[in-house]
Each structure stands twice: as structure tokens, then as C-alpha cells.
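Here the protein sequences come in this chain order: A and B.
Per the working numbering: the first sequence = residues 2 to 459.
Per the working numbering: the second sequence = residues 2 to 459.
Please keep in mind that the hints were generated in silico from the structure rather than gathered at the bench.
Model, not experiment: these values are computed from the prediction.
A couple of the hints might just be wrong.
Any copy, or any two copies together, can satisfy a pair, since identical chains are not distinguished.
[What the hints assert, rightly or not] Derived DSSO-like pairs: lysine-lysine, alpha-carbon spacing no greater than 27 Å straight-line:
#, residue 1, residue 2
1, 411, 318
2, 382, 234
3, 275, 210
4, 139, 382
5, 214, 191
6, 234, 139
7, 214, 114
8, 210, 318
9, 455, 444
10, 382, 191
11, 38, 455
12, 53, 444
13, 210, 234
14, 318, 38
15, 214, 234
16, 275, 318
Number of protein chains: 2
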Amino acid sequence: MSIDPVLARIDETLPEATERLLALLRIPSISTDPAYKAECDRAADWIVEDLKDLGFDASKRPTPGHPMVVAHSGGEGPHLLFYGHYDVQPVDPLELWDRDPFDPELQDTAAGKVIRGRGSSDDKGQLMTFIEACRAWKEVNGSLPRNLTIFLEGEEESGSPSLIPFMKENAEELKADLALICDTGLFESKTPAIVTMLRGLLGEEITIKAANKDLHSGMFGGAAINPIRVLAKIIASLHDENGHITVPGFYDGVPELPDEVRAQWQNLAFDHAKFLGDVGLSVPAGEHDRTPLEMIWSRPTCDVNGIWGGYTGDGFKTVLPSEAHAKISFRLVGSQDPHVIRENFRNHIRTMVPFDCEVSFHGHGASPAGQMEISDPAFEKAREALTEEWETPAAYVGCGGSIPIAGYFKSVLGMDAMLIGFGKDDDQIHSPNEKYDLESFHKGIRSWARVLDKLTAE
Amino acid sequence: MSIDPVLARIDETLPEATERLLALLRIPSISTDPAYKAECDRAADWIVEDLKDLGFDASKRPTPGHPMVVAHSGGEGPHLLFYGHYDVQPVDPLELWDRDPFDPELQDTAAGKVIRGRGSSDDKGQLMTFIEACRAWKEVNGSLPRNLTIFLEGEEESGSPSLIPFMKENAEELKADLALICDTGLFESKTPAIVTMLRGLLGEEITIKAANKDLHSGMFGGAAINPIRVLAKIIASLHDENGHITVPGFYDGVPELPDEVRAQWQNLAFDHAKFLGDVGLSVPAGEHDRTPLEMIWSRPTCDVNGIWGGYTGDGFKTVLPSEAHAKISFRLVGSQDPHVIRENFRNHIRTMVPFDCEVSFHGHGASPAGQMEISDPAFEKAREALTEEWETPAAYVGCGGSIPIAGYFKSVLGMDAMLIGFGKDDDQIHSPNEKYDLESFHKGIRSWARVLDKLTAE
């Protein structure tokens, strides 16, 4: 059975699909702000109604926070679960928007048509690519793709407090052969991409205490040890002159890139000058012997996310402070063990703390890196589907940030996830004037139709 | 004429004198915080009224900042000028205070009675020792000591921006034969002391800017430079492994201690174990080849008084910040030139700032060290007076803090200054729970009566 009639139907009905997305975008489902609780509920209801119209067995499922949406197409065959989120980021600063963020419209721009509004790219536009693909499929074939589950949450932008409990309580219902996640982007706005490497994250807060109170730097300066200087020395020593991290054993479990992946990344011709130039930088600042893509995708990091101590207000205070603090985080890759690294880090710091100072630590989460099993044939099938749609070889890529849902699917439900998305780098997600290119929406729908076709073929 | 009746009067009226000090301490005259501008004004008014009641020709004198208080007793004879400051340090962290810093009280402690509250020791309690000495003198003798000027500022804790212009504009009025400054302490809380060496102070605020906005540490971590790490490296490099400061030319003008002063300091048998032990420390942290007294009196320092950047609130935010900041100060000695050191420091930092980062500086005052002319017979007279009052030989000592006013009196008005004060090492000035011993206040008043007696004797 050819997928072409479904693709033709998608092309014909794009105006109607766009209108449906605009209707969903008009609902201000800001999950982090309790004032918008009813709107989150309304967004869930809207989607449930739409999925019911399409023939899904769909329901809104209560949680202590915002509701989940769960829908099943029924039938036999490999069980696929699609994940997206219907909640959106806050819109402040509102004055930087060119129009009401919840009065979306299709706009003509020099770079083509865009759908402008909060949530257009993150993640309502993306989740609707999948639903619209199902709609065209149903309209052409008379029935939905078989054994499909749609699972949408409304708390992704506010830390997903209800997600793991809900997944645990409904594990049998949600456990599928593979999860499909649509919350990522094209590589450099042009190459279709499947994310197969996600960095883990380890957070540590460190406090150096010296004197038992703040001192006058005139009275004690020269004789009393300064915890800010101690902390600065520790931070300065965490990297060597080549940018390598000096915590003992830190690189245990950091794999070298397989040659084929390295070759694939070289073909991507990552424009690091533009990537850094867009934020006012020019020189890749990581390990001297690594490429920029390795620095952000496949190499671990150590960064200071915050530092404070002494007097930080206006003017000057000649205090010799009793304490200094820093928040330090590590991005992890491969099989680096966050708990081992935490212990090694703490022991390493302890060896650097001079007499008269004490160090204390507060841990802030520890998640390992994620590595998808691309040996599962579904990955190559999806890559083929994306390559056909975009007429550019799709790539397996890394992601420097952590996308917790992928880890939860693995740890809670024991299933792998395939991350495919159509956002572009200039979509301004989490910022004013968020947009989603009509091309992303249109070819995103077509992409899912092709992926579903490959994955559900007997 | 014996001074004894004045001393007796001081003893009898100590409760009333204490009440007056408590009233002044209730005025939160924090000069560095613009929110307290009116309170600084109110403190000046309070003192002017008190001095007028005493028979001084007193007035509040406007400046672009907080007002000065100037008062004259009139008459002939050697012209003595007394200096103090009515402004106080900020009180943060407020939660470490055992009571409202501006609700002072006389407390019984195991070590005797203390006056507790912000400014009790620095400097309202100290300046009131002189005013109370004048009051008792007037009440006993019927008139104030002759040809006395009282000169109080309200910006000592915020860099004294108006001081030099005011002194220049009013040079004829303020120029005296000798200045008396009450803003220092007893040596080791027991030996009366006249400070003859004062360290200078140079303050610098440094900002490192990297990216043009805060970045997500997942997306950019590894590739984008982190300004906190840059700042930490700079701070760590400002001292070598022996504790020497690495700014080029920094030690130009730093004298070795004369043999006789070194001998006198050895006789003081400074108990550095107690000095550091009282604040929870044990090891002198300065230059490895210097004694603890040298570290705090006769050697220059470089300290970090504050540092901040990135996320410093509760929890964790994986931000890669665009900026990092530090407040850095230098204590100066001998003939070190603060302006030359400022330039050398800035140029030195500039050589350490990597590509993609910018550094900017904000100066916070620059005062050279001071050295008094103890050959003036007034010094020996005052030392006799203090020795009689405290029944312990008074000493000429150094002072680790900078008391810029002493330098200004010399450079702007061409007069020497004699620094006598009664603070104790555990007064917690600039810290929570500041106090002034009632003994300091009481014997301080008596000391000034004796000093005035010696210096105004025909």
C-alpha cells in the first residue's frame, strides 16, 4: 500500500490543519502559573475531543497537577507510544512580543510562512504534526494506524511533577515497544535528525567556610584566610590547561566516538561560527583536542552555574567573608556514573581545602547520560522515512541538554525512545515571538505519515 | 588645675551619657544605602542639637552626599580638631543578629556590661566619648575646652565622596594644629594605643562579560566560555604559592620595618593564636616569610570582598551565565601609590582575559597609607595621659585598616593626626551583634578628659 495518497491528503488539507493548530494555540495553557490552571484543563479537553472525533479511545486523566491526555487507536501489531506536551512557557516579558502571544496567526515573512504564537513550536505545533498525520491516514485508509497510544502531559514546562507517578500507576497501559517523542528540532534548521545521545546531569552545591563570622578586611586582611580565594582556586583547578577536567576518574566510561558516527558528524558540517556568533562568542571553549560538536554532544563538561560570597550589593564593603558558595554542574556522557563522580568530586575537593577551612556539599540531582539502541531496526526505518521526506540524509545526532522524558521511558517503563522533531534554531522557544515554520508543520505531518508507514508495515 | 573633678563628674553621669549614646544608636544612619538618606540627616541633626546644648557653635553643613557636622568651642590657644563619623555599616545578614541592630541596649555579659547595636563601637560610641568628655569638662569648669573644633562626617562607611571637596572648601576653618581621631581600638583589648601607621586602601570592582545573554548549559556547555571560570582563574592567580601578590610593581614603595619598631612590636608579644582563634582560625594566612603583626600592620594585601554571578537562589538552574563580578581590595603600606597600583592591576587583569571575554572596572576609592610624625611632643603627652588612665604603658602601633581621613588631614590640610580609640577586638564592627564595652565608653571619656588636659595645659 503506497503512502502517497496520505501525503496528498496532507497537502490538500494543510489550511484546515493550520486552523486547528491556531485554535489550540489560542488556549493559554501556561502550566507553571496557577492562574492558568483552568486553561491547561481546557487545552486537554480540546485535544481529547479532537482525538475522539478521529476515532481514538481518548480521555483526560486527572493528576495532582495538570491532567494527562491518553488515547489508544486499538488493534494488534507493534505498540507505538507518541509523547508530546500541551502546556507552554510563560510569555513575559510581554512587551517584547509583536502581537498577543495567544492570538496566533499565519504570517508571511521574508523566510517564508510562519505560525506565530506561544507554543507554536514548543510543543503544540509539534504534537499536532503527529495528530494530523493520523487524521490524514484515517481519512484515506478508513482507519487509524493500529495499536497506537498518544500520551500528552501538561506539566513539561513546570518540572513534570506528576509524570513519574502517573507512568508508574499506568505502566501496563503505557508500556509500548517504542516511544516516539516530538519535542526536538532539525539539525541546523535543515537536516532531519533523530536524537540518539542525551547528556546526563550532576549538580553539586559547594560551601567553603573559614572564620566563624565575617571579618573586617583591614583588621584581619593578610592574616585570615579568605574563603572566596579558596573557592576561586578550587574552581580554577577543575580544568587543566587543555580544558580537561581534573576530577580523578572523571573520564571513566566516556566512550570515543565510533568512526561511523564521527564521519556522519563531519558530514553535517556544523557551523560552529554561527552557533557561537549568535550569542556573541567565536572560539569553542572546551577541550582543545575536540570538535565543537563533540564539545556539546558527546563530551562531558564541568561548569559553574552560580557563585556568591561576601558583599555583593552596591558600593563597597571591606568585609573578609566567612563563607563562599558555588553551584557546579557536570554534563555526563556514555556510561559515566553520576554517583561515582559525585564521590570522586567531593573527595577531590576535600584534598584542596586548606587548614582552617571546611567544605560542605549539597547534591542537586544526578542522572546518567542516555544512549539509544540504534541497532533496533525501527531507527533505520525512521531514518529512511525522514530522508525520503526531506530529501537530505537524516542524521543520528546528540543533544547537549537532558530530555528527562526519554530517561523516564527507559527507567520507569523499560522502553526505548526515538526523538524526532521539526523545530528550527530560530523558533524562539521560551522567548518572545515564538514561531513554527509552516514548512516544519507541513513536512512534519508528512514525516510522521512516512514514519508510521515504515514502522507499521507488516 | 586638677582633672580629678572632671573625672569624678564623668563617673557620676555615666548612666545619662549611656542613654544619650543609645538614643543616637537608634538612628539607622547607613550611609552606603540610599534608602537611609533621611536617617543620616537625622543623625547629623541629633548631634548638632546636642553640641549646641553644650555651648558649641554647631551646624549641619550640606554636601552632595550626607551632611557634615562642624562645631567650634571658640577661644584662643592651640587649635585641636576632633574627627569621628556618625554613619554606620549595613546590617546584613540581619538573621545573624540576636536583636534589632537599631534597638540598642546596655547588656550584662559574662565579660561585663556592653552597649549592643550597630555603630556602638564604629563609630558613634567612640565619637560620643569625646563629646561626653567635653560635657563633663564644661559642667565642672563652666566652659568648654578652648579653641576646639569637632568635625564629623556621615560617609566614612561609603568611601567619603564629599570629604575632600568639603575640606578644601573649608580649609581655613578646619585647619588646626593637630587632629584627634577616635576610630581605632585598644591593642589586644587591653593596652591603650596611639596608631602611627595606617594601611591605605584601593577598591576595584571587576566584571567579566562573555556571551551576550545567559545560555542554557546543556545546549552550550562545553563550547561556550564561562565567565565565572575566567574570574576564578584570575582571582586564583593574584597570589603566588608564597602568598605574594602577583600584580607587577605591586611591592614598589613597601618599606622594611625599622629595627626599633620591630623590637617594640616583639615586646607587645602579640598573641596571634588568640587573635585568630577568636574567629575560629589558627594559621596566619599571609606571606609565608612575615610575622602575623606584619601581615596585619605593615604588609600590603589583596583580598576579595565579594563575588557573584549566575544563579544564586535556592535549587539549581543550569545556566551558563553571561557575566561574573568581584569586588577586590588592596591594603597598602609605605609609599605604595594607589593610582599606579590601580593601573597596574587593570593592565595585569587585561592580559589574563581570554578571547571572547571583556573586562570592565569600577574604582571604589584609592587612599595611600599614612605614617605619623611622633616627634611632635603632643604624641608623648597623649601617651602619658593614656598610660595614667589605663595603668598600662600606652603603645605606638600600626593599624591594618585604612583610616583615610588621617591621610586627607595631612594631604589636604597639612596637619598631623593622632589616632586614639577604645574599641576592643571582639567588638564585631561591620558584623552582626556589634557592641562597645561600657568600660571602653567610660574609660574612653575619661581618657579624652586627660588628653585634653595635657594638650591644652599652658
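Task: Violations among the numbered hints, reported as their numbers in ascending order - done: Checked against the structure, the hints that fail are numbers 2, 6, 11, while the rest are satisfied.
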